[in-house]
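Starting from the known structure of chain V, fit chain L onto it as the hints suggest.
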Amino acid sequence: GENVEQHPSTLSVQEGDSAVIKCTYSDSASNYFPWYKQELGKRPQLIIDIRSNVGEKKDQRIAVTLNKTAKHFSLHITETQPEDSAVYFCAASNGNNRLAFGKGNQVVVIP
Amino acid sequence: KAGVTQTPRYLIKTRGQQVTLSCSPISGHRSVSWYQQTPGQGLQFLFEYFSETQRNKGNFPGRFSGRQFSNSRSEMNVSTLELGDSALYLCASSPATENEQFFGPGTRLTVL
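Quick note, the sequences are listed as chains V and L, same order.
Numbering-wise (my numbering), the first sequence opens with residue 1 and increments by one.
Numbering-wise (my numbering), the second sequence opens with residue 112 and increments by one.
Keep in mind that a hint or two might mislead.
Straight-line distance between alpha carbons at most 27 angstroms, and here's what the computed DSS-like set of lysine-lysine pairs gives [what the hints assert, rightly or not]:
#: 1; chain 1: V; residue 1: Lys22; chain 2: V; residue 2: Lys71
#: 2; chain 1: V; residue 1: Lys57; chain 2: V; residue 2: Lys103
#: 3; chain 1: V; residue 1: Lys42; chain 2: V; residue 2: Lys103
#: 4; chain 1: V; residue 1: Lys42; chain 2: V; residue 2: Lys22
#: 5; chain 1: V; residue 1: Lys57; chain 2: V; residue 2: Lys22
#: 6; chain 1: V; residue 1: Lys71; chain 2: V; residue 2: Lys57
#: 7; chain 1: V; residue 1: Lys22; chain 2: V; residue 2: Lys68
#: 8; chain 1: L; residue 1: Lys112; chain 2: V; residue 2: Lys57
#: 9; chain 1: L; residue 1: Lys112; chain 2: V; residue 2: Lys42
#: 10; chain 1: V; residue 1: Lys42; chain 2: V; residue 2: Lys57
#: 11; chain 1: V; residue 1: Lys58; chain 2: V; residue 2: Lys42
#: 12; chain 1: L; residue 1: Lys124; chain 2: L; residue 2: Lys168
#: 13; chain 1: V; residue 1: Lys103; chain 2: L; residue 2: Lys168
#: 14; chain 1: L; residue 1: Lys168; chain 2: V; residue 2: Lys42
#: 15; chain 1: L; residue 1: Lys168; chain 2: V; residue 2: Lys71
#: 16; chain 1: V; residue 1: Lys22; chain 2: V; residue 2: Lys103
#: 17; chain 1: V; residue 1: Lys58; chain 2: V; residue 2: Lys68
#: 18; chain 1: L; residue 1: Lys124; chain 2: V; residue 2: Lys42
#: 19; chain 1: V; residue 1: Lys68; chain 2: V; residue 2: Lys57
#: 20; chain 1: V; residue 1: Lys68; chain 2: V; residue 2: Lys103
#: 21; chain 1: V; residue 1: Lys58; chain 2: L; residue 2: Lys112
In short, the hints are calculated from the structure, not lab data.
Here chain V stands alone, though its shape is the one from the complex (with noise of 0.2 angstroms):
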C-alpha cells in the first residue's frame, strides 16, 4: 500500500517568516494530495489539496507543489502567523477514497 513520510517532524518559524513542509510518497498511481490542518483538540481541515496533473497550487499564504517523478509534494506558507501552530498532515490517494496519511508535523510559530 501507500507509505506517506513527513519531514521534519517539528518546525519552529518566527513570524512572518516562511515555513517549508515535505512529504514523500511510495505508490506511483497516488493522483490527490491533501494538506490537513489539525489544532489541538479539534478535527482535521483540509487546507489545500493538488491533484497529478498540477505542478503547483496557491491559495492566498498557502502553496502546494507537486514533483511526480520525485514522488514528492510541500507544503509553502508565507508571512507565518501565531494561528498557523497546529500539527499539520499531508496525504496521498490513488483515487479510491483512501487517505495514507504522513505522521504530521507541529509548527510552531513564535510571535
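Only chain L this time, still in chain V's reference frame:
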C-alpha cells in the same frame, strides 16, 4: 451546509466490551470513510462506505466493522475491546466522485 457530525463525542469502555460509533455526513455526500488517530500511529484508514457498500478496507482486524444506511449515515462497531483500541475515531465524508474528504469532530474512545 451543516458539517460532518459524530456521536457520541466521548466514550469510556472496559476491555472485552463492544462499542458503536455513529457518523452523519454532509448532506449530499455519499461516501463515508473512517480513520483511527493515535499519537503513535497517526491517522490510519479503517474502511470506506459508498451507497451502503464497503468499497475499501484498511489493515485492521475483523473486530472492526462498519455499515452505511440508505441516508448515508454510517456506524462503526468495535467488538471485544482491547486497551490498544483507545484512540480518536474520525469519520470523513466526500462527494460521490471527488476525493476531498471533510472530517467530523471525532469520538474519543478510552478503553480501561
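Okay, the hints, checked on the actual structure:
1. Annotation: proposed proximity of lysine 22 (chain V) to lysine 71 (chain V) holds, straight-line Cα distance about 11 angstroms (limit 27 angstroms).
2. A hinted pair counts as satisfied when its Cα atoms are at most 27 angstroms apart, and lysine 57 (chain V) with lysine 103 (chain V) qualifies at roughly 23 angstroms.
3. For the proposed pair lysine 42 (chain V) and lysine 103 (chain V), the alpha carbon gap of about 17 angstroms is at most 27 angstroms, so the pair holds.
4. Proposed proximity of lysine 42 (chain V) and lysine 22 (chain V) is supported: the alpha carbons are some 23 angstroms apart, at most 27 angstroms.
5. With a C-alpha separation of about 15 angstroms, the suggested pairing of lysine 57 (chain V) with lysine 22 (chain V) holds against the 27 angstroms cut-off.
6. A hinted pair counts as satisfied when its Cα atoms are at most 27 angstroms apart, and lysine 71 (chain V) with lysine 57 (chain V) qualifies at roughly 16 angstroms.
7. The straight-line distance between the Cα atoms of lysine 22 (chain V) and lysine 68 (chain V) is roughly 13 angstroms, inside the 27 angstroms bound, and the hint therefore holds.
8. A distance of roughly 26 angstroms separates the Cα atoms of lysine 112 (chain L) and lysine 57 (chain V); the hinted pair therefore holds under the 27 angstroms criterion.
9. Straight-line distance between C-alpha atoms of lysine 112 (chain L) and lysine 42 (chain V) comes to about 19 angstroms, which keeps the hinted pair within the 27 angstroms bound.
10. At most 27 angstroms may separate the alpha-carbon atoms for a hinted pair to count; lysine 42 (chain V) and lysine 57 (chain V) meet this at roughly 26 angstroms.
11. A hinted pair counts as satisfied when its Cα atoms are at most 27 angstroms apart, and lysine 58 (chain V) with lysine 42 (chain V) qualifies at roughly 25 angstroms.
12. Between lysine 124 (chain L) and lysine 168 (chain L) the alpha-carbon distance is near 25 angstroms, which keeps this suggested pair within the 27 angstroms criterion.
13. Our distance criterion of 27 angstroms between C-alpha atoms is met by lysine 103 (chain V) and lysine 168 (chain L), whose separation comes to about 20 angstroms.
14. About 25 angstroms separates the Cα atoms of lysine 168 (chain L) and lysine 42 (chain V), which keeps this hinted pair within 27 angstroms; it holds.
15. Between the alpha carbons of lysine 168 (chain L) and lysine 71 (chain V) the distance comes to roughly 24 angstroms, so the proposed pair stays at or under 27 angstroms and holds.
16. Between lysine 22 (chain V) and lysine 103 (chain V) the alpha-carbon distance is near 12 angstroms, which keeps this suggested pair within the 27 angstroms criterion.
17. With a CA separation close to 18 angstroms, the supplied pair lysine 58 (chain V) and lysine 68 (chain V) stays within the 27 angstroms bound.
18. Between lysine 124 (chain L) and lysine 42 (chain V) the alpha-carbon distance is near 22 angstroms, which keeps this suggested pair within the 27 angstroms criterion.
19. Between lysine 68 (chain V) and lysine 57 (chain V), the direct Cα distance comes to roughly 14 angstroms. Compliance with the 27 angstroms bound is thereby established for this hinted pair.
20. Only pairs whose Cα atoms come within 27 angstroms are accepted, and lysine 68 (chain V) paired with lysine 103 (chain V) is accepted, the gap being roughly 21 angstroms.
21. Restraint check for lysine 58 (chain V) and lysine 112 (chain L): the C-alpha separation of about 25 angstroms stays at or below 27 angstroms, so the hint holds.
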